[in-house]
Amino acid sequence: MTAANQGYRPGLVDMAAGQISREIFVNEEIYEEELERLFARVWLFVGHESQIPKQGDYFVSGMGEESVILCRDRAGKVHVFLNSCRHRGMKVCRYDEGNTPVFTCPYHGWSYGTDGKLVGVPYFREAYHEKLDKAQWGLVEVPQLCLYKGTVWASWDPSAPPFLEYLGDFVRYLDLTLDGWDGSEGGTEILGGIQKWRIPCNWKFPAENFCGDSYHNISHRSVDLVGIGPSGSGRRDMQERQMARRLHVALYERGHQTGVYVLPKDLPTPPSYQHSSVVAEYFAHCEEERRRRRGEWARLIGSPGEIFPNTALHPRQPRTIAAWHPRGPHQTEVWRWYLVDAAAPAEVKDFLRDYYIRYSGPGGMTEQDDMENWNYAHAASRGTIARRYPYSYEQGLGFETENYEFQGLRLPGTVMDITETKSSEHNLRNLYRRWAEFMDAGSWGELATWRIARAAE
Amino acid sequence: MSRDEDLTRLLLKQEIDEFLYHEADLLDDRRYEEWLALVADDVRYWMPMRRNVKFGEEEHEFTRAGQDINWFDEGKETLTRRVKQILTGIHWAEEPVSRISHMVSNIRLVEVNPSVEAPAEVTVKCRFLIYRNRVETETDFLVGKREDLLRRVDGQWNIARRKIVLDQNVLLTKNLTFFF
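Protein chains in written order, with the working numbering: chain A, 184 to 640; chain B, 22 to 201.
Looking at chain A on its own, in the form it has when it is part of the complex (with noise of 0.2 Å):
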């Protein structure tokens, strides 16, 4: 039996050696297991609920393959439900965002209300002769919700730790992308428009990628010459790389991991957003109010990141989040939404629009050329012998650094400072550590490590 037609099995990722196989991204039984094991048992990002602010709003989204029907019942309640109808499957909703009292399956018009009951049987009295038990059959609903300063996520597995137990430690990291710049607590909204896109490449190219892959520099050099940042400048404000500590931090029990920086004591944030006085203004009275609302946590500034195993988080500029949807093992689909802050005046919020378009997504300056070297990295790993020859994720392995403090300052999860060394891997090697516990994990028993620690003190 050759390589090609083995689903998963230990050894594939191999973190001793910091080598992992190139099987696990172009395998298809692989994948199809990935589905079960993985996208069946973690949270998952499913939008905010500033797209659903009223009774019957909903909003058309995703969790791995399957299209869900994010919406807010008459009651004012949030759900999500798997979008396909009990009796024969149809997608009871293909329009994607908008108002209704009911979704009506177009086949043959059983509909549901936005609390998922069935509510209408067509020849209920005739053909079931009443007999159908309308109380079982309504609309799959996710076991797990959480709603977590406006965003939505869910899972399918009723046995995962609940979601700030998911999250663990990362949610100080988290907030970096919610919270208003001002350190207002969940200040921020999505701007209008969710952008889709597919890349043909496995699913976990770009989730390691946001992991914290400080070494593409040269992917980006073309954008960097041209200059597209918000100071007129290079692709971002990064005056932080001069003066803080930049840091790889990863929850190992966790899977989520990010990029910050840790500016010194008493010393201000260097200056952004210059191109504009009105946006760099507005960004120094945020900047001020940090400081005061913060303290010594104001000096922790956010850099991508990821929560396992594939929502995106670009905190500072832009300002994202995004779903990597697999579609088969050799194709992504994106889907990325824009958050501002809500109380931003409209001038700051237009520039951050024009910033983020030209940065992100398929029109963005920067991101076409990740994704050129995705799709052609994936193309060339797919080959008998190619696949024979694992990938090199050996950068920093063995630096690491836990318990690490900053001036006093002392981050949650496992560190790797990378100021002096440039980048590490550290990072994308947590991605892995993660997702092979749970391709090996028989139940989120196993999973949930952090519980057993705890029961054994």
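Hints in this document: simulated from the structure, not taken from any laboratory.
Virtual Cβ for every residue (Gly too), placed ideally from N, Cα, C.
Treat the hints with care, since some could be wrong.
Reference listing, derived: stretches of chain B covered by chain A, where coverage requires no fewer than 3 residues with Cβ under 8 Å from a Cβ of chain A [said to hold, decoys possible]:
id, stretch
1, 37 to 44
2, 82 to 93
3, 96 to 107
4, 184 to 197
Use these hints to put chain B onto chain A, whose structure you have.
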């Protein structure tokens, strides 16, 4: 309309056709700087995203210029940067460069101001089919509608506004490294 008026309009239509075909040639021949010279300094280049919406809710089908996230919503400054990026020779998404053909058809003048005899601004609608092939077998077909506002400055037509309506919901192309 008199025969003279018909003829004047026909000649203008011919002139606009020629302009759009010439523009397509510049893009397909990768003469990007010459193409930029045809773009007005105050251009708005807008490509909305399109939602699936219920019959009767068409006003919500398109993302809004200047308010929502769009595929493109920019002026000449950003368009110029896009050209510069391609011309760096290290814009990997266009290196090696794509083979592109712009097909422009169904051209109609929908508004001419102030008059057909002395046209200063013309609103013109058309269909486009953009074929992109790159590297070995990678192929994209992008089909849709365009609405352009063309402005005559010193006897030369300029693109003052371009609205691009692509007939797709989920974008089936990994990136948009070319011009519409």
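Status of the hints after comparison with the structure:
Interface restraint, the stretch 37 to 44 of chain B with chain A: violated (0 residues with C-beta to C-beta distance below 8 Å; minimum three). Taking a C-beta to C-beta cut-off of 8 Å, the stretch 82 to 93 of chain B contributes 9 residues in contact with chain A, enough for the three needed, and the coverage statement holds. For the stretch 96 to 107 of chain B, the assignment as covered by chain A holds, since 5 residues bring a beta-carbon within under 8 Å of that chain's beta-carbons and 3 suffice. Note: the stretch 184 to 197 of chain B has 8 residues with beta-carbon separation from chain A under 8 Å; the three-residue rule is met and the coverage holds.
Hint 1 from the earlier list is the only one contradicted by this structure; the remaining hints agree with it.
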